Structure formats: structure tokens, C-alpha cells
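Each chain is listed here by its residues.
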Amino acid sequence: MSHPPRPEKSPGRTPEPPEASPKTGQERIPRRRRGPSGGYYLECFLREVLINIRRNPLMSVASISTVMVLTLILGFFVVLVANLDSLSRELAGEMQVKAYMSADFQREEAGAFHASLMKIEHVEGTHFVSKDTAFKRLRERLGSRITLDDLSHNPLPDAFEIRVDHPKALDVVAEKVARLPGVGSVDYGRDVARKLMALNQVVRVVGMVILGLLFASTLLIVSNTIRLTVFARRKEIDIMQLVGAADWFIRWPFILEGVAQGLVGAAMAATVVDVAYRLVVPQLHKTVPFLPILAPGEVLPFLNLGLVSLGCAVGALGSLISVNRHLKA
Amino acid sequence: MLETDDPIIEMHHLSLVYPNGVRALQDIDLVVGKGEFLFLVGHTGSGKSSLMKLIYREHDPTTGAVFVDGQEITDMKRSQIPLLRRRIGVIFQDFRLLSHKTAFENVAYALEVTGASRADIPRKVTKALTLVNMREKAGRLPGELSGGEQQRVAIARALINDPLILLADEPTGNLDPDSSWDIMQILSKVNARGTTVLVATHNQQMVDVMQKRVLVMDRGVMLHDLQRGQYVPAASSRPALVLEGV
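In order, the protein sequence lines correspond to chains A and B. Numbering-wise, the first sequence is residues 72 to 400 according to this note's numbering. Numbering-wise, the second sequence is residues 11 to 256 according to this note's numbering.
Treat the hints as calculated values from the structure; they're not laboratory data. Watch out, some of these pointers could steer you wrong.
[Said to hold, decoys possible] Below, in silico cross-link-like pairs of lysine to aspartate or glutamate (EDC-like), each with a Cα-Cα straight-line distance of 20 angstroms or less:
#, chain 1, residue 1, chain 2, residue 2
1, B, K111, A, E211
2, B, K111, A, D309
3, B, K63, A, E307
4, A, K306, B, D179
5, A, K306, B, D37
Quantities reported herein were computed from a predicted structural model and do not represent experimental measurements.
Take these sequences, add in the hints, and give me the full structure.
So this is what it looks like as C-alpha cells:
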């Protein structure tokens with residue numbers, strides 16, 4: 072420590088007792104409680120956050136990238152589950168049994184067949200779809216992407232769409248319809264939907280476990296990053312406590328730092344998911360035209376918002392854990 | 011002299027045992043009147059710092075109670091501690107200034123963390139720095155200041171919230187004699203304004219010249235409480251006087 076020359080003092084000055092005894096009656100300035108605005112605090116805190124990130128850029132990178140990995144995986148996972156969900160809902164939503172008639176079914180028998188269908192319990196109504204109508208529907212659904220003009224004859228059978236009053240009755244009705252003469256095969260979306268739902272369930276459970284682990288590790292990494300920041304600034308925190316800073320005042324800059332890291336990481340992940348989905352959906356539509364894929368606008372706004380919120384939450388929570396650990400110590 | 015009818019610090023049957031089993035304080039009884047100036051002397055490890063830490067609630071006593079300005083602080087809620095500390099200024103041997111902040115910013119910091127009105131900060135900080143004769147060097151970083159100057163900044167910071175009590179834990183331990191007397195002058199000035207000042211020190215000459223109340227501690231026990239006292243070496247096998255700078 073340097074001691075600059077201090078001319079006003081003689082070097083070998085004899086010590087004198089400093090000025091007299093204490094006076095009573097303290098000169099005290101009444102403490103005014105004109106509370107500063109939230110903006111003032113925010114400015115103070117943001118300044119601290121920027122200083123910290125500048126002082127420790129590599130640690131911030133570590134936090135940001137782990138948050139990004141977490142939210143990226145979550146993003147893709149959510150997109151997958153949302154599509155599986157909508158697909159199975161669409162299929163399950165068709166509460167009808169389709170009876171495909173055998174090739175020797177004559178259209179004149181349709182009336183009689185309708186009557187025998189209506190006698191089955193739970194059947195609400197039927198609709199005859201001739202093989203020509205079915206062919207036309209298929210052509211419409213495929214649009215111009217696949218042409219059916221090369222077919223020499225219509226391979227589709229005549230069919231009855233049978234509405235039932237309750238999804239649970241689908242099994243029973245289908246079974247009874249299958250036993251009627253003239254019926255080639257019976258189909259109801261429920262079967263596919265059930266398989267799809269089972270797949271969806273598996274994806275969800277596996278995804279939740281993976282996400283849980285990822286969440287925990289992200290939290291750990293973020294809280295460790297902030298812990299290093301806390302450690303680097305422990306002297307400052309001690310001084311803050313010494314001069315009477317409230318715990319929340321000490322906490323906020325660290326929490327904001329965590330939120331900033333989470334926000335950046337999650338925003339990058341959300342951008343990647345967003346761009347990827349917008350690129351992939353048109354391709355999928357071209358390749359598998361009849362697959363009902365959710366339009367980007369149906370998923371992405373909520374997803375992006377969710378990912379960014381999650382990133383911020385992970386950052387805040389990680390910070391809170393390490394700062395609290397230090398403050399309570 | 012002793013204004014025990016208007017006490018600012020009271021300790022009753024106070025003892026402190028650290029978690030590692032070290033008995034830092036034993037059955038301390040102490041009453042400090044408002045506006046008093048006291049020295050706390052004793053060897054390293056005699057319990058001076060521990061005693062001070064109990065006053066600003068850095069530690070909780072194992073048994074006994076501490077009152078500051080009539081309020082029991084030992085059962086105070088954690089959220090109340092910052093409010094207590096705004097009424098107690100503390101300075102240390104190692105100054106504890108933030109190296110990346112200027113003298114002015116270091117002092118202002120103590121105001122900022124209490125949420126003081128922003129408009130008042132420059133005026134208050136300048137006033138405190140003037141009191142310790144550091145107004146001209148307000149823009150310097152701690153590294154550009156001498157030890158004595160750093161301690162003066164620390165005093166300004168300790169005083170910024172107009173504390174009732176100023177605790178000085180070996181304030182001159184790192185300073186040359188001249189600077190030490192400077193600091194003592196300032197502490198006297200602070201005391202003259204009405205703040206109670208408690209100074210833990212090894213500096214025999216200073217204690218002898220100042221003729222203030224002296225509390226002598228040894229191994230966690232209060233040996234003597236002398237009005238207008240002199241430095242009394244504790245009856246111990248260790249050297250009574252610790253030389254400065256050694």
C-alpha cells in the first residue's frame with residue numbers, strides 16, 4: 072500500500088488526546104422514507120448483472136448452452152407430442168364404424184341393409200358411401216400430388232358409415248355389423264387411435280423422464296455457475312450485509328443474471344425449433360399428404376412462449392438456490 | 011460519566027461457544043451508555059471481535075441476551091437484521107472496501123443498498139467524506155489511497171446511515187502511528203457528534219493517552235472495566251502488548 076506524502080503533518084508528531092468528551096443529544100437526521108421507484112432498483116440491478124456477465128463470460132456461456140439444450144429437446148418433444156395428440160384425437164373423434172361391403176354387394180340392397188343396421192343397438196344412423204363417391208373423396212384428398220388416372224378400375228368397395236351414440240359402443244357395434252351378410256370387412260378409427268394413444272403415452276412417459284433429468288442437470292449447472300459468481304462476489308455480499316442490505320436486495324441481481332442466461336439460452340432454442348418446424352412441415356405435407364400435421368401457427372407461438380418462460384424460470388431458480396445457500400450460511 | 015440510565019448496549023450473562031467447541035465468551039455483563047467512547051483491549055483471541063459480532067448480530071450468543079437501544083436483538087427475526095445494521099456502523103482492520111468502486115461509490119453503496127432516496131445520495135456522501143477529510147479524493151479507487159485514507163473512507167461509509175453505534179475492530183491495526191492518530195481524531199469527532207464508539211485495539215499508547223473507559227478481556231472473560239482507564243495487560247503468559255506492524 073502506498074503512502075503518499077502528507078505535508079500537513081510533521082513526521083514525529085507527539086500524540087495529543089483528540090478533542091473533548093462526547094456531547095449528549097445526538098445530531099440525527101430524520102430518516103426520510105421517500106422510497107425510490109422500482110425503475111431505480113432495476114437500473115441498479117441490471118448494471119450489476121452486466122458487470123458480472125462481462126467479468127465472467129465463460130460461465131455465462133456454460134449456463135446459456137445448458138439451458139439451450141434443455142429447451143431445445145423440450146421444444147422438439149412438445150412438437151412431436153402435440154402432433155401425435157392431434158392425430159389420435161382426430162382419429163378417435165370419428166365416432167363411426169365403417170362397413171366395407173363385399174364385392175358382390177348390389178346397390179339395390181342398400182335400403183334393406185340400412186334397415187338391418189338400424190336394428191342394432193346404439194346405432195344412430197347410417198350413410199351409404201358408394202364406391203364412386205369414395206373414389207371421388209380420395210381424389211380430392213390427394214389433390215394434384217398423386218394422380219389416380221392410371222387405375223383401370225375403381226378398387227374401392229361400397230361402404231356404410233355407421234354413426235353410434237357412444238364411443239364405447241364402437242366395439243360391440245363393429246362386431247355385430249361384421250356378422251351381417253354382405254359385409255366384407257369392418258373398420259373403425261378407434262383401433263388406430265388406440266395404438267396411437269398408446270404410442271403417445273410411451274413417448275410422453277419417456278420424454279418426461281428425460282426432461283426431468285435434463286431439468287435437474289440444467290438447474291444444477293445454472294446454480295453452480297451462479298454459485299461461482301456468488302463466490303467471486305462474496306466479499307461484496309458480506310459488505311452489503313454489513314451495511315444493512317436486505318436479503319432480497321442482495322438476491323435480485325443474481326436472480327436477474329440467472330433469468331438473463333435462461334432467457335438467452337431458451338430464445339436461441341426456440342428460434343431453432345421454430346425455423347426447423349417451419350422448414351419440415353411443408354416437406355412432410357409433400358411426402359405424406361394425408362397426415363394431419365399441425366400448422367406452424369397452431370403450435371409455435373405457444374411453444375416459443377413456453378420455452379422462453381421455462382428458460383427464465385430455470386435461470387431464476389438456479390440462482391435462487393445458490394444465493395440462498397450463501398445467505399443462510 | 012457512565013450514563014447507565016440511558017443505555018445503548020446491554021449484555022446480560024452472555025456466553026458464546028462456537029460450533030467447533032471454542033468458548034469465545036463467558037458470562038459477559040456489560041452496559042454501555044449513549045454517547046460513550048470505550049476501548050476494548052485484550053490479546054488476539056480474547057473475545058473482542060466476538061463481542062462486537064454479537065452487537066451487530068453476525069453471531070447469536072449461546073446463552074444470554076443483547077439489547078441495542080433498548081431492543082433485544084438476540085431474538086430478532088432474520089429480516090430485521092438489516093435494519094439493525096443500518097443503525098450500527100462497523101469498521102475493520104482490513105477496511106473492507108470494494109476495490110472496483112471509487113471512494114465516493116463505496117460510501118454511496120451503503121446508501122444505495124438501504125434504498126435511500128437517490129437525490130439525497132450525493133449530498134450525504136459528500137458530507138460524510140468531508141467529515142473524514144476525504145472529499146478531495148472522492149474519485150480515487152481504494153488501491154490509489156493509503157491505508158489511513160482507506161480507513162477514513164470506511165469510516166465515512168460506516169457513518170453514512172447516521173448510526174447510533176460505531177464499532178471499530180482494530181481500526182489502526184494496519185496503520186502507521188500518524189495515520190492511527192488521524193483515525194483516532196476522527197473517531198473522537200464522531201463520538202463528539204453523539205455516536206457511541208467502541209474500539210477494539212492493541213495500541214497501548216493510544217488507550218493511555220485517550221483516557222476513556224477501558225474494558226479488558228482475556229480468554230472470553232471481562233477482567234476489568236475501568237473508567238478513564240489505562241491499558242491494563244491481562245494476567246496471561248502471553249506478551250501483554252502486541253506491537254503494531256508485527
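Verification of the supplied hints:
no. : hint             : result
1   : B:K111 to A:E211 : violated (74 angstroms)
2   : B:K111 to A:D309 : holds (15 angstroms)
3   : B:K63 to A:E307  : holds (18 angstroms)
4   : A:K306 to B:D179 : holds (17 angstroms)
5   : A:K306 to B:D37  : violated (32 angstroms)
The structure fails to meet hints 1 and 5 from the earlier list, while all remaining hints are met.
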